[in-house]
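K.L.:
Residue-level listing of the chains:
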Amino acid sequence: MKHHLILRVITKLLVGPIMLFAFYVQFHGDYSPGGGFQAGVIMAVGIIIYGIVFDMEHAKKVLPAWFVHKMLAFGVLLYTFTGVISFFRGKNFLDYSALSPHSAIHGQHYGILIIELGVGITVSGVMIAIYYAFGSRTSEINDAEW
Amino acid sequence: MQNLNFLFDIISWTLLLAGSFFIIIGSFGIYRFPEFWSRLQASSVIDSLGLYLILLGLGVQSGFTFVTVKLIIIGLFLFLTGPTSTHALANAAFISGLRPEEKLETN
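Protein sequences appear in the order of chains Z and B. Be aware that the first sequence starts at 1, since it is given in this note's numbering, and climbs by one per residue. Be aware that the second sequence starts at 1, since it is given in this note's numbering, and climbs by one per residue.
Be aware that one or more of the hints could be misleading.
[Claimed, not checked] Have a look at the derived ranges for each label pair, beta carbon to beta carbon:
#, chain 1, residue 1, chain 2, residue 2, range
1, Z, 109, B, 65, 23 to 29 Å
2, Z, 65, B, 34, 44 to 50 Å
3, B, 89, Z, 91, 49 to 55 Å
4, Z, 52, B, 76, 18 to 24 Å
5, B, 72, Z, 92, 42 to 48 Å
6, B, 99, Z, 109, 57 to 63 Å
7, Z, 109, B, 94, 40 to 46 Å
8, B, 18, Z, 52, 32 to 38 Å
9, Z, 108, B, 91, 48 to 54 Å
For the record, the hints were derived by calculation from the structure and aren't laboratory data. Glycine included, C-beta positions come from ideal geometry on N, C-alpha and C.
Okay, chain Z solo, but in the shape it has when bound (with noise of 0.2 Å):
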């Protein structure tokens, strides 16, 4: 990708803050639009941006393959035992009140941001995960033709 001195510069400039968006939407996503869903994508974005203008070697030695999808396990395994601390706590599934003892509001807090994290771990696992899939595909085009 020697070809490309432009989509390189632009994109090390923009990979730091578009993971920087990405963590303002996971963690403002109780008071504004966003949440893990929509941050989880945009971090993947940032991964996926870095492994297409550079190689995707490169994305590899970030986040390898086998980290990625014990990342996409991880996220719904954090989502399903927040609901299953709250039988513990003799609460039905999912019912963040039960996670703090003291206060109801603060647990309902946690319970979000816990929940929204497990959301955005899984999102941006699967993304990437998909990403890797398609990108291993030898291309059509190889980078002397550039």
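Chain Z is fixed; fit chain B onto it per the hints.
P.N.:
Just chain B now, kept in the frame of chain Z:
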């Protein structure tokens, strides 16, 4: 104060309408122009004028708030990504062998 608000409303709506006008022109250009390169040129009207006029109009409408800061950040983002995407598109078309047609013979 009432008059000042009215003035801001006039300014922002003028900017918004001008931005919408340029976006409509750009869309017509993309749809009606005959081949790739002129369509690309029409789309740059949207990139360069339409979006910024709309962002400016929204900024005037919202005043000095956090929303304006967000709009400025969006503007910076578009300032970087718009030309880059156009460059990538044009570059890919050029590499894969598409050239501007040189007809237009003058009699």
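K.L.:
Take the hints in turn and mark each one as holding or not.
P.N.:
So, going through the hints one by one against the coordinates:
1. Z:109 x B:65: 23 to 29 Å: holds (25 Å)
2. Z:65 x B:34: 44 to 50 Å: holds (45 Å)
3. B:89 x Z:91: 49 to 55 Å: holds (54 Å)
4. Z:52 x B:76: 18 to 24 Å: holds (22 Å)
5. B:72 x Z:92: 42 to 48 Å: holds (45 Å)
6. B:99 x Z:109: 57 to 63 Å: holds (59 Å)
7. Z:109 x B:94: 40 to 46 Å: Given a distance of about 53 Å, which is not inside 40 to 46 Å, the answer is violated.
8. B:18 x Z:52: 32 to 38 Å: Hint holds: Cβ distance 35 Å, inside 32 to 38 Å.
9. Z:108 x B:91: 48 to 54 Å: holds (50 Å)
In summary, the structure is inconsistent with hint 7 from the numbered list given earlier, while agreeing with all the others.
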